[in-house]
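Residue numbers (my numbering), protein chains in the order written: chain A, 1 to 316; chain B, 317 to 823; chain C, 824 to 1148.
Everything labelled a hint here was simulated from the structure, so no lab data went into it.
There may be inaccurate statements among the hints.
[What the hints assert, rightly or not] Where chain C lies over chain B, by a calculated footprint (3+ residues, C-beta under 8 Å):
| id | segment |
| --- | --- |
| 1 | 380-393 |
| 2 | 645-651 |
| 3 | 759-768 |
[Stated by the list, open to error] Between beta-carbon pairs, the in silico distance windows are:
| id | chain 1 | residue 1 | chain 2 | residue 2 | range |
| --- | --- | --- | --- | --- | --- |
| 4 | A | Leu290 | C | Asp1071 | 46 to 56 Å |
| 5 | C | Ser1067 | A | Leu290 | 17 to 27 Å |
| 6 | A | Leu43 | B | Ala401 | 51 to 61 Å |
| 7 | B | Ile640 | C | Val937 | 52 to 62 Å |
| 8 | A | Ala41 | C | Ser1067 | 36 to 46 Å |
| 9 | C | Val937 | B | Lys686 | 26 to 36 Å |
| 10 | A | Ser208 | C | Arg1041 | 55 to 65 Å |
| 11 | A | Leu163 | B | Asn487 | 33 to 43 Å |
[Unchecked claim] Cβ-to-Cβ under 7 Å is the rule here; a few derived chain B residues that face chain A:
| id | residue |
| --- | --- |
| 12 | Pro419 |
| 13 | Leu429 |
| 14 | Gly430 |
Note that beta-carbon positions come from the ideal geometry of N, C-alpha and C, so glycine has one too.
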Amino acid sequence: MPDAAVISQIRLFQRTPGVAIVLVLLIGLFGAIAPGFLSAANLANVLVQSTILTMLALPMTLIIMTEGLDLSMGAVLTLTSLCVAIVSLATKSALLGLGAAVLVGAAFGTVNGWLVAIVGIPPFVATLATLGIAQGLSLIMSDGQSVVGIPHSVRDIYSAAVLSVPVPIIIGLASYGVFHGLLYHTRFGTYVFALGGNREALRYAGLSPTRLLIAVYAIGGTMVGVAGLLMTARMNSGHPTAGLGLEFDAIAAVAVGGTSFERGNGWLLGTVLGVIAVGVLRNGLNLVSLPSSIQVASVGALVIVALFLDGFRSRS
Amino acid sequence: MSVASPIAAPSPAPLLELRGISKEFPGVKALDDVSFAIHPGEVHMLLGENGAGKSSLMKILCGAYCADTGEFYYKGAKVAITSIADAQKLGIAVIFQEFSLVPFLDIAQNIFLGREPKGRLPGTIDRRKILADARRVLDTIGFDIDPSVIVDTLGVAQQQMVEIAKAISQNARILVMDEPTAALSDREAELLFALIARLKADGVAIVYISHRIAEVFALGDRITVLRDGRRIDNLRPADVTPDQLVRMMVGRNVDMTYPRHFAERPGELLLEVKGLSSTTGISDINIEVRRGEIVGLCGLVGSGRTEVARAIFGADSILEGEIIFDGQPVSGEPDIAARRGIALIPESRKSEGLALMRSVGDNLVVSALKKLFPSGLYDPRAAQRTADGLIRQLRIATPNARQTVGLLSGGNQQKVVIGKWLAAGAKLFIFDEPTRGIDIGAKAEIFALIDRLVAEGAAALMISSEQIEICHVCDRAYVMREGRVAGHLTRSELTEENIVRLGMHDA
Amino acid sequence: MTDLIKETLSPPRSILSQNASQAFYRLLAALLICAALTLLSDSFLSLGNILNVLRQASLTFFIASGLTLVVLTAGLDLSVGANVALSACLAGTVIHQTGSPALGILTGLVVGGVVGFLNGFMVTALRIPSFIATYGMLWVLNGVTYWYMAGETVHGFPAGFRQIGSGYFLGLPVPVYLLLIFLAIGSLFAQRTIWGQEIYAIGANPVAARLSGIPVTRRLLLVYTVSGTMAGIASIIFLARLNSAEADIGESLTLPAIAAVLIGGASLFGGIGTVFGTFIGASILTLVLNGMNLLSISANWQPLVTGIIVIVAVWLDMKTRRSAQ
C-alpha cells in the first residue's frame, strides 16, 4: 500500500505531469520513425544505459531542491571510475575498487558542501572549480591514457543478470528505493524539503541548515563513487574523459522531471522519468543515425524548454 | 462574532506579566516603559498605529528581540526571555504574517518539523504516529482536514490554521497573532474567531494585534493601546467607544510645525491618474497632482499606497487605466517615467534607493547620466563637480563625494536619493515614507527641501504613515483602503482623525 | 584642515578602498610569482618567454574581458568557451570556402555576438538565472559545433590572416597589440561611458538601478552581447594562431576565463571589478601555468591548479565582503 505522503505528492504533481507527456511523445515519435526502437531488446537497453544517469540524477534532485547545483558530478564520476580501474587493476578486487571510488566521491561531495554551506561560495562556481580539480586529478592519475586490462569481476557487474533481470537495472531500482525512502520517509528527507522551502523554519525548529546542506552534497558525491564502479564495468576500462558532461544530462533529467529550482519542490519519480526521457531521446536519435552531437544539443534544448515551463508554471 | 463574554473573567494571577519594558534602536525609542499582563483564557487586543511599538513588543515577547530594561513574570515568578528558545519553553508562540511553513511538506510534517516521532529503522519517521498526532492536534483546534495534504496547496487561511496547530502542538499557552485577519475573507475570519473562542475556552491566552476596530469589540477581553512606544491605556471594551479608541491611538502629539509656504492658487495639472489598476492589487485609482502642490497619500500599511506609487513610476505592470503626465500619457518601465520627469523616492532607501557600496557621488549622478553626458562619454570630474554641487546645495554631511554612501546617516542617505532626482531634473517627486528612520532635525530639513521644490514649480505626492506630517505639510490628501481610494480630504478637512477614520476597515 | 579631520574621523576603509588595496596585493602577487619563477627557471626571464606569456594571456584576456562585464552585473556566462569553439569553426569554414579572411572575421564576431544576445534574452526576457541559461547554452553550442564539424578539423589559412595570431610588429607579437587595444577600449567602456557606469550601478543593486531609471533589461542584453562578441574576437585570434579549429577547442577555455576575472578582483556578487584587474588576473594565471610548464610539470595539472585558484579567489572576495559589513 503506497502511503499517504506519496499519494499526496503524486496528487500534487498530477496537475502538471509535463514529464509524462514529454516521455510519451518521445516514445511515440521514435516508435514511428526509428526502426527497431520499440523492440523489447532496445527498450531494455535504454533502461540499462540509464542506470548511471539515474545514480547521478537522484542525488542531483536533492541538491537542486536545496536551490543548489553540482556541476562537478561528471568530472568526479570520471575520477571515481579511474579509481575503480586503477585500484582493481592493482588489487584484483572489485570491492576495494568500489571502496576507493566511494571514498573519493564522498570526499569531493563533502568539499562541495563545505564550499557552499560554510565558505558561502555560490554552488555553480564552487562546483565548477571542483570540476576543474577532479578533471585535473583524472588527467594526472591516468596521464591522459586509458586504463585497460581490469579484472573480469568488475566487468561482469555490468553484463550479469539475476533471474534474467540485468544487474544495472537492479542497481538502478535499488538506488531509487533508497532515495525514495530517504526523501519521503526519514527526518533527513523532511529537512531537505525545508532546506529549499523555508530555511528559517529549520532554524526555528533548532536544526542546523549548514550541516544538512553538507550532508546533501556528500550523499551526491557518494553516489557518484558507486556510479564510478558501473562506469568502469560498462566501458571495461578507465578513461580520463569518460564521464565528462554527464552532470548536464543529470540536471536535464531533474529539470525535465519537474523538480523546481526554487522553494524546495522536488519529485524523485519525475526525475526517473526524466532520466528515461533523456535516454529515449539519445537512443532514438542514435537509431535514426543522428550523431551524438545532435543528441547533446537536443538535451540542451529540452532543458531550456523545461526550465521555461518551470518558470511559467511557478509564475502562473 | 459574539466571542467576547463577560464570563471569561481573568483569574487573579496573570499567566505572563511584562513590567516596564523599554527598547531603544539607534535614533528611535521603540518602547518606553510598557507594562501589561496576559491572563489565561483571555484575548488581549494590542492596538496602535503603524510604528506605535506593537511589533517591537511582539518580538520581545517571543524572544526575537531582547528588551533593554524591564521584567517578565510567569505565573508570578520572575523569568528571563532572551531567546526564542526561552519563549518557547514558557509556551509563547507567535503566528507571524509570513508563515514559517515548508511549502512542499504535508501538514503533519510541518506541524512536527524537528520533532518527528521515530520509526522502527534509525532516522525514519513513524508515519502512522505522525499522522495520528497531527490529526489529534488538528482536532483540538477543530480544523477538519487530511493531515497528509501538502501545505502549498492550501489557502492562506488554512496555512494560518496549520501555523496555529504547530504552535498548539508545542504546548503553547500564549499565542501572539499579528493581524491574523489581514489576508482572510470575512467567512475565513469567522472560522478563525470560532477557533479563538475554542482556544480561550481551553485556557489559552491570546495576544491579538489588529487595526480593525470592529474586531477589537467582537473579540477583545482587554485592550492595550500603544502610541509612540508608550502604553496609553489599558481598558475593557465595555468601557470605551470606537471614537474614543481612535482618539487614543492618534493622540494629541506635541505641536510640530514644519515650514510650508502654501501657494495662493494651485498650478497647472501635472499628473492625472485615471482608473488605474495594477497587478499588485490596486484598482480604480483616480488621482490628480498639480504643480506647486504636495499631495498626501495616506492609509494603513498594506492599503496599496506604495503600489500606487510604483504603478505611476512604471515599476509594476498596469492592468487598466491611464497615467497622464504633463499632458502626455506615460507607460512602460521606470526608465521612461524617469526620462519624462517622474521621480520615486522609495520607502526602503537601503534596498531600493541606493547602491550602498558605491560612493555618494556615483549615487547622486546615476539618474542623470544621460542628461549630464549626452555624448555617452562619462567624465568623472564633471560628475564629481555635479555631485559636489548637490552635496553643498542639500547640505549632505559627508567628507567628500567619494565616501561610501552606506556609511552616511539615514537623513543624509535620504538627501542623496532626493539629490539624484534633482540632478535628473525631475518635475514630480513621489515620496514613499520620506522620513522613516530619520531623526527630527533631518526631518525638518527634508520637509523644507520638499517645500522649496514645489515652490519652484515641481509637485510632490507624499506617502506617510505619520498623519501629523501629512496634516502639516500637504495641500490635500487621498486616503486609501484595501487597494482603493477611500476618500479625498481638502486642506480644511485634513485632520488626523479624518485620516484614521477613512483608512480604518469597517470603522 | 577641517576636511582632513573629517576624513580621519570618518570610518577609514570603505569596500571600494579595500578593493583598491586588494588590487595592489594582486600586482604584488604577480611580481612575486615572477621573482620565484626567475629563480626556479633560467628560461623564464627571457624576452621570448615574457612575450609568450603575454600572447598566451591575450586569449584568456579577450574572453575574460567580456565576461568581466557580465560578472559586474552579478551574472555569469558559462558558455564563453563553447562560443569560442563554434565561432572559430564557423569562421574557419567561411575563410576556407570564400578565401576571404574579412568575411571569416565578420562571421566569428557575428556568431559570437548572436550567441551572447541569446544568453541575454534568456536572462532578461525568460528570467532564467544566468548560470543556468548559459550552462544550457554551453551544451547546445557544443552539440551544434560537433554536429557541424562532424569530427573534421578545419585548417590551413592564408598567411596574411595567420599574422593576426602569430605575426610580429616592431618586435612584439600582434596579439599583444590587440590585447593593449582591447584593454584600453574595455577600460574606457567600463569607466568612461555612461553605459559602463550603469552596468556598475546594476551590479551594485539591480532593484535600485531600475528604480533610478536605468533601462536594466537593455543594458543586460548589451552586456551579454558584448561578452559573446569578445568570445568571437577570441575565436579569431585562436584560429589565426593555431591555424586550425576543431569542435573541442572550447572545453578548456571557460574555467581559466572565470579564474582570470575572479583573480582580477571582480566580485561574483556584482558591482566590483575592473577590466584592468581582469588583465592582471589573466596575467597571473598565465604566469602560473607558464611557470608550471617551464618547471616541466605536466599540462595535466592545469585544470586542477585553475580550480584551486578559483576557490581561493572567491574565498578572498567573500572574506573582504564579510569584514566590510
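So, going through the hints one by one against the coordinates:
no. : hint                             : in the structure
1   : 380-393                          : violated (count 0)
2   : 645-651                          : holds (count 3)
3   : 759-768                          : violated (count 0)
4   : A:Leu290 x C:Asp1071: 46 to 56 Å : 19 Å, violated
5   : C:Ser1067 x A:Leu290: 17 to 27 Å : 26 Å, holds
6   : A:Leu43 x B:Ala401: 51 to 61 Å   : 56 Å, holds
7   : B:Ile640 x C:Val937: 52 to 62 Å  : 40 Å, violated
8   : A:Ala41 x C:Ser1067: 36 to 46 Å  : 42 Å, holds
9   : C:Val937 x B:Lys686: 26 to 36 Å  : 28 Å, holds
10  : A:Ser208 x C:Arg1041: 55 to 65 Å : 43 Å, violated
11  : A:Leu163 x B:Asn487: 33 to 43 Å  : 53 Å, violated
12  : Pro419                           : 5 Å, holds
13  : Leu429                           : 5 Å, holds
14  : Gly430                           : 3 Å, holds
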